[in-house]
Amino acid sequence: MRPTTEAELAQTIAAAQGPLRIRGGGTRDVGRPVAGDILETGGLSGITLYEPGALTMVAQAGTPLAEIKAALDAENQRLAFEPGDWRGLLGTDGRPTIGGVIAANVSGPRRIQVGAARDFMLGVRFVDGAGNIIKNGGRVMKNVTGYDLVKLLCGSWGTLGVLTEVSFKVLPNSGATGVLLCEGLGDADAVRALSKALGSPYEVTGAAHLQKGMDGAPVTMIRLEGSEASVAYRTDALRTLLADIGDFTIETEPEHTAAGWRYIRDVEPFHDRDGDVWRVSVKPGDAPGVVAQVKGAEAVYDWGGGLIWMLVPERQKAETIRSAVEGVGGHATLFRASEETRKSVPVFQPQPAALARIESDLRAKFDPRSILNAGLMG
Amino acid sequence: MEMPAPRPERLAKKETLITRLREVLPEDAVIHHEAELRAYECDALSAYRCPPMAAVLPSSTQEVSHILRICHDLGIPVVPRGAGTSLAGGALPTADSVILGVARMNAVLDTDYDNRVIRVQSGRTNLSVTGAVEEDGFFYAPDPSSQLACAISGNIAMNSGGAHCLKYGVTTNNLLGVTMVEMDGTVVEIGGAHLDAAGYDLLGLICGSEGQLGVVTEATLRILPKPEGARPVLMAFDSNEVAGACVSDIIKAGVLPVAIEFMDRPCIRACEDFAKAGYPDCEALLIVEVEGSEAEIDEQLGLIKQIARNHDPLELREAKDADEAGRIWLGRKSAFGAMGQINDYMCLDGTIPVSSLPHVLKRISEMSKDYGLGVANVFHAGDGNMHPLILYNANTPGDLEKCEAFGADILKLCVEVGGCLTGEHGVGIEKRDLMWHQYEAADMEAQMAVKDVFDPAWLLNPAKVFPLDASETRRATAVAAE
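Chains as they are written, first to last, in our numbering: chain A, 1 to 378; chain B, 1001 to 1482.
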């Protein structure tokens, strides 16, 4: 099923006799395996409105991300939340869509400074599980008119409604990039360096640590963006500030810096490697301790340590990881694993009873027949 | 503006209610004498007043839970209140409701600079959150004009913004976790010190829900390192259109100031008379502020001034020191006070696409002539959040009604050009009846279905946000269930 208008999409859902699998570009195969007929959103495509002077774009949900990036490039603007491309990590192909980015709240390294995809969302139109067309928010920067269903839909993985149109804020490109690099730091020192950098006034837009960098040694990376003069000033200042933790070098070659952050953003270290991948969210200071509790794990720390991508031997017990996370507060998602494993283990972190009740009641309101990506977030 | 009539069966339960509340609260936390209840009859939208049946001032999450459980069992509506600074009537009670004020819960529970978060009780004032961390070089970013008085609980309820949200975002972008009590007394923890909460974005849903989904008692907030420095530049133009075009060009050029504030002639004049800030005599003023080191500020302001010069400004004034910076901000910051001195006024809060600024300002000035009421504009131009102040005389019969009609027309205009009714103040009762202009029945139904999940009996702040005709069935069913 591949409707080409919102009305047609609404009719399709209203007339559906059984469960549906919602699919944008089909590149983000995460969650419990879902049964049902495939409902594609790719037929709803195209940028509806783009006002560079107002930093706003409105696009149909099935619009390829590449088309959006091209339009933004032409005006020297960007999706500042830096959504990752997960094809390499998940072994999928297809073309990522903006609707998929929003449904999964995909946010890259710059999230630490500018916010996640959800923070850039201004409005949505969607079809709920009964076939009703619903809009929320709009296309202006500040809007508190009624409840914020925009955020509720963002990151709900198609389980509450099928997005048909999204409007979001964009930002200007930032000119120059400078990256501070340090090899050989242990996890705890690295996170300490990242915290110190993020607690400085120098506006860090990326803070990551790889246990194994491109050449196998641990590498810690800190990114600064802005005008050339400003980046030069701040990288210097930060280098001095961090001298007691490690000797940082400075990289400003655009191709190298872009490749380095793409490496983090798309979790390239775990491409084409055996093992399950977990995505863990904790407060940065707790991250090294959590990783240390998981035997055989290799970690990529992003967001100053607040986001851990963890490669573990296949079928590493989910309880080990979840209990380590629960001990400090946070959550863990089994991001990449065989279908078999994803059927046998809760993929998303099980919620405490009171929150589980709220979530299941919300699902019952928005999708009373339980036909939209049913069970995906289980 | 109407509120639902108090229900006799609720009023009849007053004695039982007070008795039960006193069983779980200290004596001074239960207020029920008529004279004392006057303090809770209104918020900053003081045109509407009604004392509640009782007011309670809990000191802990546990006490909040007891209170809500009791009110839930008795079928008594609860109106949560932070500091009572809402301009939208968010904390206006009805005669058959209980005001639950969180003002006594104002402690800092934990400060964590390594992870850049602070945990506070929700009654703490906005400015005192920054106050708790500024000596160590940090601040809490959302800065509503009422920040000296307003509480974090109210900021969360209304998703408050401020002058600097162009760069730092509003409350929802700076909130990481809450402890919240549901209407039936259940205590839930959502999110925490980590950046993304698990599951659905319930934090995003709660932030801005105007106290209708639960009572937030504690919050984990993101704190940020203070910038090295900040400096404003003031620009004067001879028309609103040109000033509007300048705003758009600054944004397009890729410099992202922390604030772009706009004032029109009536506002400039009033501020000048009041604060003597030394503003030039002109049609429109912009105050643009950037942050960074001295050299970075010079560089950014250089670019911004270059853009401004393309629009033939009457004056460009850059602050040379802190004193001059203070004077540039002085008039803007005293704008509401200045207007209040010369007139009664109503402050609106619609948001429009920045590109519609000149058109909307022109229409407002035309409408001002039609209604025979003055209007002054002062607002956050960078994000299109307008604050037209409509001037009226409360002692002239019919003036308030005329003012409200004028205000409604301005907000409808905001929606017409692709904007919304409220950018940061909230719907409350003030914009409640205009919601039909923004949303269709299905849109409204989806939002009300969310309230059904959190508060099936519709007891939490029930007469707000949704037009009374839209919520009538739900509120009536709640009574039948008692």
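The hints are simulated quantities; they were obtained by calculation from the structure and are not laboratory data.
Don't be surprised by glycine CBs; every beta carbon is placed ideally from N, CA and C.
Watch out, some of these pointers could steer you wrong.
[Unchecked claim] Quick look at which bits of chain B chain A covers, simulated, 3 or more residues with Cβ under 8 Å:
(1) 1050-1060
(2) 1113-1127
(3) 1180-1192
(4) 1268-1278
(5) 1387-1398
(6) 1403-1409
(7) 1426-1434
The hints, checked one at a time:
no.: 1; hint: 1050-1060; verdict: violated (count 0)
no.: 2; hint: 1113-1127; verdict: holds (count 5)
no.: 3; hint: 1180-1192; verdict: holds (count 7)
no.: 4; hint: 1268-1278; verdict: violated (count 0)
no.: 5; hint: 1387-1398; verdict: violated (count 0)
no.: 6; hint: 1403-1409; verdict: violated (count 0)
no.: 7; hint: 1426-1434; verdict: holds (count 3)
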